[in-house]
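As a plain string of letters, each chain reads:
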Amino acid sequence: MSDGSSIISSTAEQPPTVNPGGSGSGNVITSKPSFPPTPSRTTSQLSITSIGVQGHLSPPSSTTYSRRRRSHSNPSPSAEPNAKTDLTPNDITPTKRHHNPRPKGLLNASSSNSSLRSKPSVSTCTSPSYSFSRTNSSCDGTETISGSNTPNTGRAPNPFDLLSKGNNNGSNGSRHGTRSGSGSGSGSTTPTRKGKERQNHEMEINVIEVEGELSLSTDDVRKGLRDLVRRNTVTAGEAGEDADGQDQLTIEDMKDTKDDPHILESTEQNKTEIKEYTPRRYYVLTNAGKPVFSSQDKSSEDNITNLMAIGSTLISIFQEDDDKIRCIIKGKTRIGFLLKSPLYLFGVSDWGEPEHILRSHLEYIHLHILSVVSSTQLSRVFQRRSNYDLSRLLDGSETFLNRLIERSQYDFTYLTATLQPLRMNPATRDMAGAALMPPSKFNDLLYVLLIADGHIVTLLRPRKHAVHPSDLHLLLNTLASSSTLRSSETWLPICFPKFNPAGFVHAYISYVTENVGLVFVSADREAFEDLRGWKSIVLDKLEHDKTLTRITDAIPLHPYTVSAIGCPGLRHFIYKSRQYIQITQPEWEAPYIEDSVDRKRLITLYQKLHDAIHARSGQSQSFKLVYIRTEHEACLAWLTKPFELYLTVSPQLSKSAVVATANSVAKWVLAEEGRVFLKDAPVF
Amino acid sequence: MASRKKVLLKVIILGDSGVGKTSLMNQYVNKRFSNQYKATIGADFLTRELVVDDRVVTMQLWDTAGQERFQSLGVAFYRGADCCVLVYDVNSSKSFEALDGWRDEFLVQASPHDPENFPFVVLGNKIDMEESKRMVSQKRAMTWCQAKGNIPYFETSAKEAINVEQAFQTIAKNALAQEAETELYNDYPDPIRIDSENSQNYGCNC
Numbered sequence: 001m002s003d004g005s006s007i008i009s010s011t012a013e014q015p016p017t018v019n020p021g022g023s024g025s026g027n028v029i030t031s032k033p034s035f036p037p038t039p040s041r042t043t044s045q046l047s048i049t050s051i052g053v054q055g056h057l058s059p060p061s062s063t064t065y066s067r068r069r070r071s072h073s074n075p076s077p078s079a080e081p082n083a084k085t086d087l088t089p090n091d092i093t094p095t096k097r098h099h100n101p102r103p104k105g106l107l108n109a110s111s112s113n114s115s116l117r118s119k120p121s122v123s124t125c126t127s128p129s130y131s132f133s134r135t136n137s138s139c140d141g142t143e144t145i146s147g148s149n150t151p152n153t154g155r156a157p158n159p160f161d162l163l164s165k166g167n168n169n170g171s172n173g174s175r176h177g178t179r180s181g182s183g184s185g186s187g188s189t190t191p192t193r194k195g196k197e198r199q200n201h202e203m204e205i206n207v208i209e210v211e212g213e214l215s216l217s218t219d220d221v222r223k224g225l226r227d228l229v230r231r232n233t234v235t236a237g238e239a240g241e242d243a244d245g246q247d248q249l250t251i252e253d254m255k256d257t258k259d260d261p262h263i264l265e266s267t268e269q270n271k272t273e274i275k276e277y278t279p280r281r282y283y284v285l286t287n288a289g290k291p292v293f294s295s296q297d298k299s300s301e302d303n304i305t306n307l308m309a310i311g312s313t314l315i316s317i318f319q320e321d322d323d324k325i326r327c328i329i330k331g332k333t334r335i336g337f338l339l340k341s342p343l344y345l346f347g348v349s350d351w352g353e354p355e356h357i358l359r360s361h362l363e364y365i366h367l368h369i370l371s372v373v374s375s376t377q378l379s380r381v382f383q384r385r386s387n388y389d390l391s392r393l394l395d396g397s398e399t400f401l402n403r404l405i406e407r408s409q410y411d412f413t414y415l416t417a418t419l420q421p422l423r424m425n426p427a428t429r430d431m432a433g434a435a436l437m438p439p440s441k442f443n444d445l446l447y448v449l450l451i452a453d454g455h456i457v458t459l460l461r462p463r464k465h466a467v468h469p470s471d472l473h474l475l476l477n478t479l480a481s482s483s484t485l486r487s488s489e490t491w492l493p494i495c496f497p498k499f500n501p502a503g504f505v506h507a508y509i510s511y512v513t514e515n516v517g518l519v520f521v522s523a524d525r526e527a528f529e530d531l532r533g534w535k536s537i538v539l540d541k542l543e544h545d546k547t548l549t550r551i552t553d554a555i556p557l558h559p560y561t562v563s564a565i566g567c568p569g570l571r572h573f574i575y576k577s578r579q580y581i582q583i584t585q586p587e588w589e590a591p592y593i594e595d596s597v598d599r600k601r602l603i604t605l606y607q608k609l610h611d612a613i614h615a616r617s618g619q620s621q622s623f624k625l626v627y628i629r630t631e632h633e634a635c636l637a638w639l640t641k642p643f644e645l646y647l648t649v650s651p652q653l654s655k656s657a658v659v660a661t662a663n664s665v666a667k668w669v670l671a672e673e674g675r676v677f678l679k680d681a682p683v684f
Numbered sequence: 001m002a003s004r005k006k007v008l009l010k011v012i013i014l015g016d017s018g019v020g021k022t023s024l025m026n027q028y029v030n031k032r033f034s035n036q037y038k039a040t041i042g043a044d045f046l047t048r049e050l051v052v053d054d055r056v057v058t059m060q061l062w063d064t065a066g067q068e069r070f071q072s073l074g075v076a077f078y079r080g081a082d083c084c085v086l087v088y089d090v091n092s093s094k095s096f097e098a099l100d101g102w103r104d105e106f107l108v109q110a111s112p113h114d115p116e117n118f119p120f121v122v123l124g125n126k127i128d129m130e131e132s133k134r135m136v137s138q139k140r141a142m143t144w145c146q147a148k149g150n151i152p153y154f155e156t157s158a159k160e161a162i163n164v165e166q167a168f169q170t171i172a173k174n175a176l177a178q179e180a181e182t183e184l185y186n187d188y189p190d191p192i193r194i195d196s197e198n199s200q201n202y203g204c205n206c
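The listed protein sequences derive, respectively, from chains A and B. Reading the first sequence from the start, the letters are residues 1 to 684 in the numbering used here. Reading the second sequence from the start, the letters are residues 1 to 206 in the numbering used here.
Calculated from the structure, these hints are not laboratory results. Computed from a prediction, not measured in an experiment: that's the story for all the values here. There are no misleading hints in this set.
With a straight-line cut-off of 30 Å between C-alpha atoms, the simulated DSS-like cross-links for lysine-lysine are:
{"#": "1", "chain 1": "B", "residue 1": "Lys6", "chain 2": "A", "residue 2": "Lys298"}
{"#": "2", "chain 1": "B", "residue 1": "Lys6", "chain 2": "A", "residue 2": "Lys340"}
{"#": "3", "chain 1": "B", "residue 1": "Lys159", "chain 2": "B", "residue 2": "Lys139"}
{"#": "4", "chain 1": "A", "residue 1": "Lys600", "chain 2": "A", "residue 2": "Lys641"}
{"#": "5", "chain 1": "B", "residue 1": "Lys94", "chain 2": "B", "residue 2": "Lys38"}
{"#": "6", "chain 1": "B", "residue 1": "Lys94", "chain 2": "B", "residue 2": "Lys139"}
{"#": "7", "chain 1": "B", "residue 1": "Lys159", "chain 2": "B", "residue 2": "Lys94"}
{"#": "8", "chain 1": "A", "residue 1": "Lys298", "chain 2": "B", "residue 2": "Lys31"}
Chain B stretches covered by chain A per the calculated footprint, using a threshold of three residues with CB under 8 Å from any CB of chain A:
{"#": "9", "segment": "6-17"}
{"#": "10", "segment": "80-92"}
Glycine is no exception: its CB is placed at the ideal position from the N, C-alpha and C atoms.
Make a model of the complete structure from these sequences and hints.
Below is the structure:
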C-alpha cells in the first residue's frame, strides 16, 4: 500500500473493447490516503476538494492524481506498475514486443504522447477524513482533469513522468532496443495501428504484466497444432484416437513458441505472492449516494454511509464530464466501479485479479437486485423519487446476496456464465426430460427445470427461447439460499434480467424430495393451480419408471476426483464445452480446500488465464495457449473451438507431461460428455 | 449491515463561504467547535443518527464548499436530497441576500419532483457575536422565509451550541414528512409475453 502508485482508469465507453487502433481514455491516479477509509470513529469525514492552483493545498503526503488520454492502448489496470511483477518472463526472451497483447501505455507518460493531463492535487484532512480534488479548468497552468480532449501542451510536471522513467531505466531499460528494433519489422501490424505503434514504442516496453516469448505463426493455432501432430510428437500415438484429431496438444506447441503469437508462457514471481486474501468488500448505493447494500465491511454503519457518499461523489466528478470511472488502483488494492443508474456499485479487492473479474461480481449483485425489483420498476420508482431509499425494500435480501457474492467469487460457472449439470447416466436424463415435456395447453411456459442438489438434471425451453445461464444462476442461488423455498410449494415472482428486465415471470417451485426439485417458470401470473396439477402428473411419471430414484442415487456420484483421469501430477481442471455452454470439474482436493489461501490463489490464477485467452482486459490480442507456473503449481489454459480447458498440475511436471495431461483430460471429458453435460436440452 | 429498517435522509447544507456550515455540522455531529476558519474544499460528509417520532433516522449530511470556485459538483451532488439547509451569517447582509441564489440553484440542480413543497430550513448563524455587529434582523429573515413558503427559521450559534440540536431535529422531521413511502409494487407490472420475444438460440453467451 505504500508504493504510492495507483491507477484510475476510466473510459466513456465500457467495457473495454479489443480495439488496437481505437482511442481510449484513461486516468492515472497516484494516491496516498487509503480508500475506502479505515474505520476509526463512528463519524468519519470526507472532503471532495476542488482547488484552483496546483499543489496549493497539498501537503507532501497528499493524494495526487493525474489523468490523460491515450491514443493507443487500453486503460486496463493490468498494466499497472505493480502488476508488472505479477508475471515475469520465463526462460525465454521477449523479442517481438509489439505483439505483446498486454495493454500498454498506462505508464506511457514519458513518451511523446502529448495528451497528458494536468496534475490535480488534494489536501487530506485530519484522519478519518479523506480528500480528493481536481483542478479547475479556469486555473492557470493546469487543466481540468477531464473536461477537455485537447492535448495539454504546456503540461505541468507529472508524477507519472518520474514513475515511468524510473521504470524504463530500471527493469526494462535493457530490453528497450530489441523491442523497438523488431517492432518496425512487424508484418501483422495493421496500417492504422502502425503510426501509433511507432509512436508508442517507448511506452510499450514499460508496461508488461506478462512477459514471455511471443512470435508470429500462421493464421490459426489449431492449424499449427495439427501440423505438429502430423509431424509426430510425444503424443502422436493418441492422435488417431482423438475424435477429430484437431484438438490434440503437443509438446512442440509449448517448446516452439517463437513463431506463435497465440501462446504465452510465464512464471509468477514469488515475491509478489499474496499471503492473505482479505475478503473483498462490495457496496451498492443509489445515484443519490444513499446506501443500498454492503458486504464484508466490518466498520461502523456511519462509516459505510459516508463511504457511499464518497463513492457517489467520485462517480459524479467523472460524470460531470460525461466520463465513467471504472477503476481506482492503489498499490495492491483495486476499487472497481459499475454504474447502472439509478444504482452504483463498487467493490474493493487486493487479490490481484484482472479488472473485469471484480466487475463481473458487481454485475451479479446488480442482476440479483433486478431479479427482485425488475429494471422497469427500479427506474420508475427513481424517476418518481430520486431520494428513494432502496435499502428498506431489499431488506431481507442479504442472505441471497451474500451467497451470490460468495459463489460469484469461487464458482467458475459464474465467471464463464455456464452451467454445471448433474453428472449422471444420459439415459436417465433423457427419461426425466420426457416426463417433463409440458402439454401444449401451457403456452406461457418459459422453462421447465429439474434440479438435484443444486445442479440441473434437465432443462426444457420453448424452441425460440434462449437459456441465459446468469438468469439460471439467480434462480438456483435463490433456491439454495432459502430453505423455505425448498420445503413447501412456492409461487415466486422473479425477474430474469437477461431474458427480460422489464417484468416478472413466476416460478412454481416444488421439491419432491429433500434434494430434488421441480421448477416451472411461467409468464402467466395465474398459472399456479394449473402448474400444481401438472406437477402431480410429472411426479407420477418420474416415480413410476424409477427415474426419481435414479436421480437421487446419482447425486452422491456427481462429484468425482481428479484421479479418475489417471494423470499423475494433475490436481484440478475446469473444462468448458463451448457448444453446450457447460463446464465440468473434479472436486477440489488438498491443498485447495475451502477458504484456503491455495484455493484463492488458484482461482485467481484461473481468472488470469481466462482473462488472457479471452483478452477480457482489452488486450489487443488473445492467446490460445497460456502457461503460468508458480512455486506452488503450474496452470495451463488451452482454447480450442469446441472447448476451453484450464488445468492445474504440480509445478515439477515437465512441459511434455503437462501437454500429455491436457490431452488426457480432453480425451477423458470427450468420453464422459454424455454424463457430465446436458447434451440435448429438450425443446417444446 | 444489520437490519436497515431505519430511514436514511440526505441533507444538503448550502450558503456563502464562511457563514459556518461546517461548524454547525461539526457542532451537531461531533459536539465540537473551532474558532479557526478552514475553508471546505469541495464537500464533507458526516453522519448522525437520531430519533424522530419514534423512528430511527440516519442523517447523511452533505456539507458543501461555499466558495464559488469549488462549486463544480453539480446535479449529481444535489440529486435525491431529502432536505436542503440554507445557512447565512446574521452579521453579513451579503450572505443573507445570497440565500435567494442558493435556493434557486438547489431547485434547478436537484429538480425535486415537488419544488413548491420541498423542505428547506434556514439558519441564521453566529448570533453569539455582539449585537452591534448584527446586520440582518430576525424580522427581515422571517419575512423572507414566509415569502418563500413558510420555511422554518432558526437563529443559531455553532460556537455556543445554541439552537443547533433543535434546528437539525426540525430538519430531520421535515425531511421525513416528505420521504413518504413510495409503493414500489403498487401498479401491476406489464405482463411478459413469452411468444413475442425474439427467437434466440440456446445458450446465448450472456
